[in-house]
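Chain by chain, the residues:
2 protein chains.
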Amino acid sequence: MEISDWRRKIDELDEQIVRLINQRAEAAKAIGQLKQKDTLPVYEPQREKVVFDHVRGANQGPLSDTELIHIYERIIDVMRSLQKK
Amino acid sequence: MEISDWRRKIDELDEQIVRLINQRAEAAKAIGQLKQKDTLPVYEPQREKVVFDHVRGANQGPLSDTELIHIYERIIDVMRSLQKK
Chain A
2 MEISDWRRKI DELDEQIVRL INQRAEAAKA IGQLKQKDTL PVYEPQREKV
52 VFDHVRGANQ GPLSDTELIH IYERIIDVMR SLQKK
Chain B
2 MEISDWRRKI DELDEQIVRL INQRAEAAKA IGQLKQKDTL PVYEPQREKV
52 VFDHVRGANQ GPLSDTELIH IYERIIDVMR SLQKK
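Chains as they are written, first to last, in my numbering: chain A, 2 to 86; chain B, 2 to 86.
Take these hints with a grain of salt, some might be off.
Pairs involving identical chains hold if they fit within one copy or between any two copies, as the list cannot separate such chains.
List of simulated lysine to aspartate or glutamate pairs, DMTMM-like, C-alpha gap at most 20 Å [said to hold, decoys possible]:
#: 1; residue 1: Lys10; residue 2: Glu45
#: 2; residue 1: Lys30; residue 2: Glu13
#: 3; residue 1: Lys86; residue 2: Glu16
#: 4; residue 1: Lys38; residue 2: Asp54
#: 5; residue 1: Lys85; residue 2: Glu16
I should point out that these hints are in silico values taken from the structure, not numbers from a laboratory.
Quick caveat, the model's predicted, so the values are computed rather than measured.
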């Protein structure tokens with residue numbers, strides 16, 4: 002495969018990744034609303050630890066756990082600010 | 002749905018997201034090797050612009066383009082350092 006073939010593959014993967022991240026955001030928003038209703042805090046460090054552990058457990062590479070968590074820290078940041086809206 | 006149900010859904014989504022990000026990393030690694038063979042630069046701002054435009058085009062919300070690009074900047078950072086290895 003040439004660079005252009007791999008790039009086409011990346012574009013297809015990005016469409017799927019964008020869709021899934023948005024589905025994750027829908028779920029985070031729903032949780033945010035339930036938290037607001039029950040006056041629970043948005044920031045729950047214990048739950049975030051569970052998410053990171055789950056991500057590490059699901060990681061089959063080639064990314065290292067550190068690289069993947071680096072990406073997930075940004076995902077979680079964005080989701081947290083979504084819940085605060 | 003309660004918070005615990007949404008969290009189960011998030012865990013399932015994360016498993017899919019982790020798999021797709023790793024597939025994206027495989028493709029980025031393959032491109033990195035082809036670039037090395039042809040002594041092409043790892044950093045290609047024009048291609049990165051195409052990726053961001055594609056991500057914006059695929060975005061159907063609820064995340065804003067800004068929030069999604071914020072996540073993708075981190076994904077691209079990690080992929081770029083992968084190609085430099």
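We went through each hint and held it up to the structure:
1. Lys10 - Glu45: Close across copies (18 Å), not inside one copy (36 Å); limit 20 Å.
2. Lys30 - Glu13: between (26 Å within a copy, 16 Å between copies)
3. Lys86 - Glu16: neither (26 Å within a copy, 26 Å between copies)
4. Lys38 - Asp54: neither (28 Å within a copy, 37 Å between copies)
5. Lys85 - Glu16: Neither: 27 Å inside a chain and 25 Å across chains, both beyond 20 Å.
Hints 3, 4 and 5, counting from the list given before, are not met by this structure.
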